[in-house]
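Asker: Put chains P, C and R on the given structure of chain V with help from the hints.
Protein chains in written order, with our numbering: chain V, 9 to 372; chain P, 9 to 372; chain C, 9 to 372; chain R, 9 to 372.
Accuracy of the hints is not assured; some may be wrong.
Any copy will do: because identical chains look the same in the list, a pair fits if it lies in one copy or spans two.
Unchecked claim - No more than 27 Å apart at the CA atoms, straight line, and that leaves these computed lysine-lysine pairs for DSSO-like:
id	residue 1	residue 2
1	Lys-100	Lys-10
2	Lys-73	Lys-150
3	Lys-10	Lys-179
4	Lys-149	Lys-11
5	Lys-229	Lys-88
6	Lys-105	Lys-156
7	Lys-150	Lys-100
No lab work stands behind these hints, which were simulated from the structure alone.
Number of protein chains: 4
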Amino acid sequence: MKKIPVGVLGATGMVGQRYIYLLANHPYFEVVYTAASSRSAGKTYEQAVEGRWLIGSDIPEGVKKLVVQDASDVSAAKGKCRFVFSALEMDKDAIKKLEEEYASSDIPVVSNASANRWTEDVPMLIPEINPEHTDIIAAQKKRHGWNKGFIAVKPNCSLQSYMAPIFALIKAGYPVKRMIVTTLQAVSGAGYPGVPSFDMIDNIVPYIGGEEEKTEKECLKILGTVRNGKIENAAAPVVAAHCNRVPVIDGHTACVSLEFDLPQKDKPSLERIESVWTSFRSVPQELKLPSAPVQPIRVRHETNRPQPARDRDTDKGMAVTVGRLRECPVFDIRFVALSHNTKRGAALGGILNAELLYAKGFFD
Amino acid sequence: MKKIPVGVLGATGMVGQRYIYLLANHPYFEVVYTAASSRSAGKTYEQAVEGRWLIGSDIPEGVKKLVVQDASDVSAAKGKCRFVFSALEMDKDAIKKLEEEYASSDIPVVSNASANRWTEDVPMLIPEINPEHTDIIAAQKKRHGWNKGFIAVKPNCSLQSYMAPIFALIKAGYPVKRMIVTTLQAVSGAGYPGVPSFDMIDNIVPYIGGEEEKTEKECLKILGTVRNGKIENAAAPVVAAHCNRVPVIDGHTACVSLEFDLPQKDKPSLERIESVWTSFRSVPQELKLPSAPVQPIRVRHETNRPQPARDRDTDKGMAVTVGRLRECPVFDIRFVALSHNTKRGAALGGILNAELLYAKGFFD
Amino acid sequence: MKKIPVGVLGATGMVGQRYIYLLANHPYFEVVYTAASSRSAGKTYEQAVEGRWLIGSDIPEGVKKLVVQDASDVSAAKGKCRFVFSALEMDKDAIKKLEEEYASSDIPVVSNASANRWTEDVPMLIPEINPEHTDIIAAQKKRHGWNKGFIAVKPNCSLQSYMAPIFALIKAGYPVKRMIVTTLQAVSGAGYPGVPSFDMIDNIVPYIGGEEEKTEKECLKILGTVRNGKIENAAAPVVAAHCNRVPVIDGHTACVSLEFDLPQKDKPSLERIESVWTSFRSVPQELKLPSAPVQPIRVRHETNRPQPARDRDTDKGMAVTVGRLRECPVFDIRFVALSHNTKRGAALGGILNAELLYAKGFFD
Amino acid sequence: MKKIPVGVLGATGMVGQRYIYLLANHPYFEVVYTAASSRSAGKTYEQAVEGRWLIGSDIPEGVKKLVVQDASDVSAAKGKCRFVFSALEMDKDAIKKLEEEYASSDIPVVSNASANRWTEDVPMLIPEINPEHTDIIAAQKKRHGWNKGFIAVKPNCSLQSYMAPIFALIKAGYPVKRMIVTTLQAVSGAGYPGVPSFDMIDNIVPYIGGEEEKTEKECLKILGTVRNGKIENAAAPVVAAHCNRVPVIDGHTACVSLEFDLPQKDKPSLERIESVWTSFRSVPQELKLPSAPVQPIRVRHETNRPQPARDRDTDKGMAVTVGRLRECPVFDIRFVALSHNTKRGAALGGILNAELLYAKGFFD
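Just chain V, same shape as in the assembly (with noise of 0.2 Å):
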């Protein structure tokens, strides 16, 4: 099989690096093109990282050579790359509107930005939660004049430790009222330089710009309904969200504490929990995608686990792991709950974005 030539925007910044390191030995998908800011334009990859490559000891080799464009310049890209990723890091309009521009020039793009994420016939997908949502793509493409081009994106990595989880006891039948989640999240969700070394030894920061704004509304939108042309939000569950930034590099921890929309004879035991959560499987492992978990959400048992450093990297980096199941005084049950995020919430899981819909054929 010929791989599809990909681009990738933003691709000197950490989770363009992430994309540019998870691509480089990918079975669908091969990187051709990469751009950057003005400042990097005209360099090679290589130099244009010189000193900054933070993703393992060496870039891979393909890319390497590859002369780094300029982001903006929306014209160099067309006819090199069939689709692109956006790892892009500018002003929130700015990403819009420039991803927008791909779109109209037949390049599809799957982002990892925010800036789309609350247009209304934009899907944020988690593609084991809502695959779905694709089916949206016709009327954004309607409703700009698009031939080949959209936009698709995916939602912030705070939430991928515990949306998994909650989807699957919604889905199998044990609708969430309301949740109260505390987050302990990695360092490299904030990119690079990202957070000052001063404030994260012996110390903590319970505080992250924006974040739990969009751990709170975005997972409505990821439960949501298409309908109209529009995703619908769904209406619950009310969350929130209390996020703090701690001295790990990578993986965001969430301690939950949940209560169950149900009649209390109706709510089901711990041990039902667990079964929903290890047999919980979806689209991506149905359509076997290559970046796809085989079991998306695993369940440990030690007393002292989910631990950022031993199951970050649990299936590719692409599990969600749950432990410390327990009841809760206050509502109904707790756990914590664990996820990469700058794999399953970042760069790999805005790769398997783009296999669900390339299986779809959307970029035939």
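Answerer: Same frame as chain V, now just chains P, C and R:
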């Protein structure tokens, strides 16, 4: 004024060292006696902690040359110290028995250990919250037939960061029905050697043995009432705790969401809450106890505070710092609270207890 | 090919776990036997490491259900494994005695422990440097009257980062007269629980017991010569070591200044040195041993490399990465070298030793 | 005594904040003037550092409400402050020019910046080592035609940990020929935001731009001699430095191996060296300058000290702590030295310089 001679049991452990350090120039008390396990007994204090003195660079001069006694030999302490601070690190039953032996030998015990926290006539003191719980001591003495001896304890360090804010609200007429608390706790809380560095570099551990149970339960005794020779627990708030160990040396942070037990119209505004906290004063402030903070609850307005590294030492490490007060989409309010776990939460809290007991004449 | 059944002694400790993990899909060897202290004996491996499995999320499937044996019961291993990896963590004399018992029972011991490093007929192997030291095994067997059993060891992890670069220079005709080395060593080198986190957050410890002596001395045996049934130490280089513990999980870094034992005119240029390093290959590469790095010494040109987090995993964690090669105002040259202390420096280094011994027919 | 009004240039950066903090209750000096970039100008100091006050919990009361001035507007400072501390963080040439403008406006500059360190009539002071270098100020004033203004600087923080021990030995008659130094430097030395946390969690960086050159060169000016209107550099010792960034907040550690320039028989014993260090006193001690340590060099005997977390605050953070003094197999002796980089090595060192200049009448 002649200082009162005091002893420190468990003097070589981390909390014991903190006591030695903090009592160095205390206006009331002077450490004249140190005791630890039989392994240390007979050595000078300096020799006993050789290579593992953990608090600043130097052992206080007055203690260096004291010969460490065997803590299990209660008779050695008789006549030497008016009371002892207990920072014993042994099996719980052994601590309970030993603390009672000291008390029965006319040596009051101001304890940091958890062994006697649930004895129903032992006060578990936070002097700003329940100073009147010292009233139970008479019943305790009577039950045991003790003359001068008695036991008073302090609660677990994990709840110190939010107990004062909660209590201030309750006292101001805003009872709390229930709360969900997630703590990010410092490694010094686990003593020394404590948590392995292999678990605390690029990692957090979402579990601390016994901590959640303590946090959920001790709260109710502290808010309880002395009645009929017992401390009767309060009925509320119901607490659900998620306790995490994070790579911070000192300073426990708590993310709190809480619900008032009030009709909507009677719930306090955020402004009112801040005002309650800022103006909160109690017995230790009235008595001007030397280790009491001038202002027990400090409110910060920066979006990213409190932080352990910046705020733990506020007001001698005895103030609780609260920040990020905001509405909670699930309950009524949420906030972040922080206190110094080895000062307010352990040794200096114990010293404040002793100062209260002293001021009330319990050591006469 | 049928795999050779092997055992791991000290299987529950940190290095033992590394062996289990790294041998999971080894082409030659299969772990069929695990042994540890009597405390673990009788439990399944999974039970024995419950709550303290430290290497990734899961224990390899094939080992989970093995019943851990008492390492001191040599007879239990007989007939079960062709040889054993020793990762024993006991008193040195006890290890020495026990390893000899295994050897005398026809079970060769490939050891990670320091107990037998200074036995003069025990080879201390780094396969790229002194593969011919296996010649001493015949003398060792003869002295003890052993038949199939023997002991081979690996050196301390602290010198692995600079030994290969030094050796490559010596072999290329540039003898080293003396060198001053300062190491920044990872906490995994201290085992588990190892270094307390209280000492490794916002701190470094400029001392590692016994490490400087090992580093200074072992170097000379490794560079020594097999003669008259002994390994005779090399006379140079003279090494002065400063060993520090730093808050890094894996990867020892060494800052090296060295002086050649050559007239000024014969000293190599920096270019020549780089070329010597880059082209260095040895017996493991020729034999294509499965754990051997393709290129044992990697040279980097970025000003700020090597760094543990970026470079430790280069070439399966078996390559040494060298950077910052530059002239030294005091000696001739200086550079920074880095190797993975629990892969190259411990378990995978031990496995490479076993692969060499296997390739040479020592397990037949 | 009425306090001398002083200003702080670069008052909002990390070193500037340290000055503000440390001058809070200074017996001689009072901060009445703060200046920073034009971005901060016009705001109160409190507003200007909102959300990034880094030194303890609170800004000193007296400074909170000062309106920050534009540092480039020298005229604004005239008449307001008797002298200024410069903690400017700008382009080096711009700093040089600006510091000279202040000096030419009759405002002496006590600088932390490196811009004027190599001006040959600017003294680079460590008051315990070269207090007589203030003699050069007359020549400096004369060259520029300045009246009251002048510039005095302090050296780089990296060498402060070993300069005092070296100087004490030289002064006692034990000249040092050459030394190899490896530093483990704290992140506060890089200012704020400084080193990204992504580089300092589970990692060290074996490179600090420009640091090795400074360490190797500044040493010689400090040990130099005022002659003919210049400071003539010393010829020895020759220094080779390896500078590393490690995950420590404050406190630079140096591992030093050194060779005396003496015949073997005249070299000092370890006992003699310790005695030289312990008894070392100098001009700041004689003058009882308020920020001077009582004992400039502290020697520790524990095997694992000095450590940043334990020893950096010794004697107000102004003492150098030395430990692990032992023989060196390559040179004569080796040891570990530690100093607080933002107290002794930056702001408090600058304040001590000002105290010396004040005591000598330079601000009259």
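Asker: Indicate which option fits the pair Lys-229, Lys-88 if close means a Cα-Cα distance not exceeding 27 Å: within, between, both or neither.
Answerer: neither (33 Å within a copy, 58 Å between copies)
Asker: Classify it for me, Lys-10 with Lys-179: is the Cα-Cα distance of at most 27 Å met within a copy, between copies, both or neither?
Answerer: Neither: 37 Å inside a chain and 47 Å across chains, both beyond 27 Å.
Asker: Using 27 Å as the alpha-carbon threshold, which applies to Lys-150 and Lys-100: within, between, both, or neither?
Answerer: within (24 Å within a copy, 57 Å between copies)
Asker: When no copy is named, should Lys-100 and Lys-10 be tagged within, between, both, or neither for a Cα gap of at most 27 Å?
Answerer: neither (35 Å within a copy, 54 Å between copies)
Asker: When no copy is specified for Lys-149 and Lys-11, does a C-alpha distance of 27 Å or less occur within a copy, between copies, both, or neither?
Answerer: within (25 Å within a copy, 58 Å between copies)
Asker: Using 27 Å as the alpha carbon limit, work out where Lys-105 and Lys-156 are close: within a copy, between copies, both or neither.
Answerer: within (17 Å within a copy, 58 Å between copies)
Asker: Is the C-alpha distance from Lys-73 to Lys-150 at most 27 Å within one copy, between copies, in both cases, or in neither?
Answerer: This pair counts as neither: shortest intra-copy Cα distance 38 Å, inter-copy 58 Å.
Consistency note: the structure conflicts with the earlier hints numbered 1, 2, 3 and 5.
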